[in-house]
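Participant: The lines below spell out each chain.
There are 2 protein chains.
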Amino acid sequence: MSLIVQKFGGSSVANAERVFNVAGIVTDTYKKGNDVVVVVSAQGDTTDDFIEKANEINTEPSKREMDVLLSAGEQISMSLLAMAIEKLGYPVVSLTGWQAGFHTSSAYGGARIKRVIPDRIRKELDKKNIVIVAGFQGINRYQDITTLGRGGSDTSAVAIASVMHADLCQIYTDVEGVYTADPRKVEGARKLSEISYDEMLELATLGAQVLNNRSVEMAKKYNIELEVLSSLTKKPGTIVKEAAKMEKMLISGVAKDTNVARISIVGVPDRPGLAFKIFSKLAAKDVNVDIILQSIGRDGTKDISFTVTKDKAKEAVETLNEYVEVVGAARVVHEDNVAKVSIVGAGMESHPGIAADMFEALYDAQINIQMISTSEIKISVLINACDADAAVSAIHDKFFSTDNV
Amino acid sequence: MSLIVQKFGGSSVANAERVFNVAGIVTDTYKKGNDVVVVVSAQGDTTDDFIEKANEINTEPSKREMDVLLSAGEQISMSLLAMAIEKLGYPVVSLTGWQAGFHTSSAYGGARIKRVIPDRIRKELDKKNIVIVAGFQGINRYQDITTLGRGGSDTSAVAIASVMHADLCQIYTDVEGVYTADPRKVEGARKLSEISYDEMLELATLGAQVLNNRSVEMAKKYNIELEVLSSLTKKPGTIVKEAAKMEKMLISGVAKDTNVARISIVGVPDRPGLAFKIFSKLAAKDVNVDIILQSIGRDGTKDISFTVTKDKAKEAVETLNEYVEVVGAARVVHEDNVAKVSIVGAGMESHPGIAADMFEALYDAQINIQMISTSEIKISVLINACDADAAVSAIHDKFFSTDNV
Numbered sequence: 001m002s003l004i005v006q007k008f009g010g011s012s013v014a015n016a017e018r019v020f021n022v023a024g025i026v027t028d029t030y031k032k033g034n035d036v037v038v039v040v041s042a043q044g045d046t047t048d049d050f051i052e053k054a055n056e057i058n059t060e061p062s063k064r065e066m067d068v069l070l071s072a073g074e075q076i077s078m079s080l081l082a083m084a085i086e087k088l089g090y091p092v093v094s095l096t097g098w099q100a101g102f103h104t105s106s107a108y109g110g111a112r113i114k115r116v117i118p119d120r121i122r123k124e125l126d127k128k129n130i131v132i133v134a135g136f137q138g139i140n141r142y143q144d145i146t147t148l149g150r151g152g153s154d155t156s157a158v159a160i161a162s163v164m165h166a167d168l169c170q171i172y173t174d175v176e177g178v179y180t181a182d183p184r185k186v187e188g189a190r191k192l193s194e195i196s197y198d199e200m201l202e203l204a205t206l207g208a209q210v211l212n213n214r215s216v217e218m219a220k221k222y223n224i225e226l227e228v229l230s231s232l233t234k235k236p237g238t239i240v241k242e243a244a245k246m247e248k249m250l251i252s253g254v255a256k257d258t259n260v261a262r263i264s265i266v267g268v269p270d271r272p273g274l275a276f277k278i279f280s281k282l283a284a285k286d287v288n289v290d291i292i293l294q295s296i297g298r299d300g301t302k303d304i305s306f307t308v309t310k311d312k313a314k315e316a317v318e319t320l321n322e323y324v325e326v327v328g329a330a331r332v333v334h335e336d337n338v339a340k341v342s343i344v345g346a347g348m349e350s351h352p353g354i355a356a357d358m359f360e361a362l363y364d365a366q367i368n369i370q371m372i373s374t375s376e377i378k379i380s381v382l383i384n385a386c387d388a389d390a391a392v393s394a395i396h397d398k399f400f401s402t403d404n405v
Numbered sequence: 001m002s003l004i005v006q007k008f009g010g011s012s013v014a015n016a017e018r019v020f021n022v023a024g025i026v027t028d029t030y031k032k033g034n035d036v037v038v039v040v041s042a043q044g045d046t047t048d049d050f051i052e053k054a055n056e057i058n059t060e061p062s063k064r065e066m067d068v069l070l071s072a073g074e075q076i077s078m079s080l081l082a083m084a085i086e087k088l089g090y091p092v093v094s095l096t097g098w099q100a101g102f103h104t105s106s107a108y109g110g111a112r113i114k115r116v117i118p119d120r121i122r123k124e125l126d127k128k129n130i131v132i133v134a135g136f137q138g139i140n141r142y143q144d145i146t147t148l149g150r151g152g153s154d155t156s157a158v159a160i161a162s163v164m165h166a167d168l169c170q171i172y173t174d175v176e177g178v179y180t181a182d183p184r185k186v187e188g189a190r191k192l193s194e195i196s197y198d199e200m201l202e203l204a205t206l207g208a209q210v211l212n213n214r215s216v217e218m219a220k221k222y223n224i225e226l227e228v229l230s231s232l233t234k235k236p237g238t239i240v241k242e243a244a245k246m247e248k249m250l251i252s253g254v255a256k257d258t259n260v261a262r263i264s265i266v267g268v269p270d271r272p273g274l275a276f277k278i279f280s281k282l283a284a285k286d287v288n289v290d291i292i293l294q295s296i297g298r299d300g301t302k303d304i305s306f307t308v309t310k311d312k313a314k315e316a317v318e319t320l321n322e323y324v325e326v327v328g329a330a331r332v333v334h335e336d337n338v339a340k341v342s343i344v345g346a347g348m349e350s351h352p353g354i355a356a357d358m359f360e361a362l363y364d365a366q367i368n369i370q371m372i373s374t375s376e377i378k379i380s381v382l383i384n385a386c387d388a389d390a391a392v393s394a395i396h397d398k399f400f401s402t403d404n405v
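Sequence lines, in order, name chains A and B.
Each step along the first sequence adds one to the number in our numbering, with nothing skipped, and position 314 is 314.
Each step along the second sequence adds one to the number in our numbering, with nothing skipped, and position 157 is 157.
Do not take every clue at face value.
Since the list gives no way to pick out one identical chain from another, each pair is judged satisfied if it fits inside one copy or across any two copies.
Distance condition first, Cα-Cα at most 25 Å in a straight line; then the derived DSS-like pairs of lysine-lysine [unchecked claim]:
id, residue 1, residue 2
1, K123, K63
2, K63, K87
3, K127, K63
4, K63, K128
5, K32, K127
6, K285, K314
7, K302, K277
8, K53, K87
Hints are computed from structural coordinates only; laboratory data are not their basis.
Taking the hints into account, I'd like the entire structure generated from these sequences.
Facilitator: Set out below in structure tokens:
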């Protein structure tokens, strides 16, 4: 007998038919003699509907009250799922975030799970109940309802799996697993049977929005095996686990991220400490910088370029404009029309030719590289936004075309 | 400075415009220096929508899960009202049933409030917050969400007013107060400026659905002054208070109840104890009997007639049919097409002519009386359902026509 945590996203429970589909998956798992804890998100568009309802009244409601409102969404979906499981004839109980013991930080709208006290969940499992838990929510030290922010239900599921030492944590979603590239865009994209936590993290960061990043970090920390799979097709998905336990693939995926802007400060005097000061200013404004490139300029000056997410670009430019005179730089340049394309693979550390292969693929496709960034398991390039899809295809072909397998 | 509890029903917060109307009433009260606790129901049709959503999945869901679902309704309305009050620039916090300290019996779907521990409410009032509380809900000893059943928000409001010794508990609704008869049906129906708890209880029982009965009982027990008034017109409503504190009116109202059926057991042998046994059988099936009439029959038998609510009629008939042979009675007769019309008035105790006046009014209108029941402050008659409206008008005219005032 195993303890299995199953998480279902909003689209998996969007209507009565889908709720029954999920009830079927859950009860099938339970029938096999497993203890089952189900984490569920709000139905389909509930969250967006609630936000709209709130905005009719107040476009800037307090985050506390927004959390009260949004958390009603899972309360609805979890009770409906419980009713469907009752209808199928199985014992079930649904629990809100506070009932399930989710204690979070105080930050309304984006709280972090501080601890899960699963006494109630355990008690219900002991009674042989299927336990449904509201994802995405908890309570803070003031006994106020908090939400974990978008994608938080994944984290809820992994947190339960961690604290209860679950044997498996299944994340049901609307895709069949993790792919070598976006299957809607890249012909020949293949589903991976397994991937390491680190690779998954890099892919998630790079815009392959299959799993919430915090959930993967937590799974890695507590060594919880995740399975990403579809609630609609009944096929095995992708297992996310420790790299040591798996056969390393050279490259596990190609991802594209268009939510990126390039910012350059041109003509920065070549004095020590200026770069540090520039990036401190940005950090103080909560602007996360990704790829950084420093070029040797002319006349004792240099150019510093970096990328940020698009929504932070304006703030970054404003911050630097205030600073450009102070440091004696020439000007700040801002370019939105860029994309980041990356390959991720735990195997690339030991294969130095990977970067060259990637650049060759881009050269063959006549795509110009603006910036390059590498880590142990990732190589990213910044290119024109309009080249992004072609770049992904070219790189994917290079590494995954049948000739190379 | 006073502590005022204000309760708003579902129609009062049905949409954004109405939510702002309520926010206006609440903040006007707060501005005058009062502490304000607001109890709010689910918006408009939310409860019915939820029931429909549930029934799509399971027509017989567990009451526990139904309560989880329904209680989301007030969570939505209370957060939206809080956002509207924030928008108007006032400090506010919304609390669910468990946050507000509502502890109830375990009976899902129809729980009774066992105690209210208002520590959190008090703390928020001390911080000068307007406090919004979800009506209709609480938690039981298992830390599960319960609901109080329909109309339970009134009870929530009175319970808070009682435990916190509020100076006034205002029940905002879609009528302007308590009337001498249904103003939509009876020309000349007048709003009462005050009414006693007992009269209100009799009127509520008789189908004048202005206030939930349990809430009036509780207000009476803890001597909380209630005001029933409209959230849409800004007129004074009806004060419900101790009889001793008010000028007694002879008659405070005329009410009609068509949710009633008459059942007769014909030819019951005239032996002691049979009536007792018959009504014990009904009590065991949870059938509440209202007016009882025992006639002297012929040949040493008698007929026993009584009224029940329509939904219990079938069960009562079945119960008695099983029993009719055992007691040696002839048969059970069932009549649905009846109505109960009643007058209520704390003053009637000391005025023996009231009953005669009522019967005279019915006689003048050529309406036949089937059964009569009286209490200290109420006289009810059972008549044909088709005569009910005419009976109410005739009786109302008799007691309230301008000639008699």
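Participant: A separate judgement is required for each hint: does it hold in the structure or not?
Facilitator: Now for the hints, and whether the structure bears them out:
For a Cα distance limit of 25 Å, the shortest separation of K123 from K63 across copies, 20 Å, qualifies, whereas the shortest one inside one copy, 33 Å, does not. For the homomeric pair K63 and K87, the shortest alpha-carbon distance between copies (13 Å) is at most 25 Å, but the shortest distance inside one copy (37 Å) is not. Taking the closest pair of Cα atoms, K127 and K63 come within 25 Å of each other only across two copies (18 Å); inside a single copy the shortest separation is 37 Å, beyond that limit. Proximity of K63 and K128 under a CA criterion of 25 Å is satisfied inter-copy only: 19 Å between copies versus 37 Å inside one chain copy.
For the identical chains of this complex, K32 and K127 are intra-copy neighbours only, at 17 Å inside a copy versus 53 Å across copies, given an alpha-carbon limit of 25 Å. For the homomeric pair K285 and K314, the shortest alpha-carbon distance inside one copy (12 Å) is at most 25 Å, but the shortest distance between copies (72 Å) is not. For the homomeric pair K302 and K277, the shortest alpha-carbon distance inside one copy (15 Å) is at most 25 Å, but the shortest distance between copies (103 Å) is not. For the identical chains of this complex, K53 and K87 are inter-copy neighbours only, at 14 Å across copies versus 32 Å inside a copy, given an alpha-carbon limit of 25 Å.
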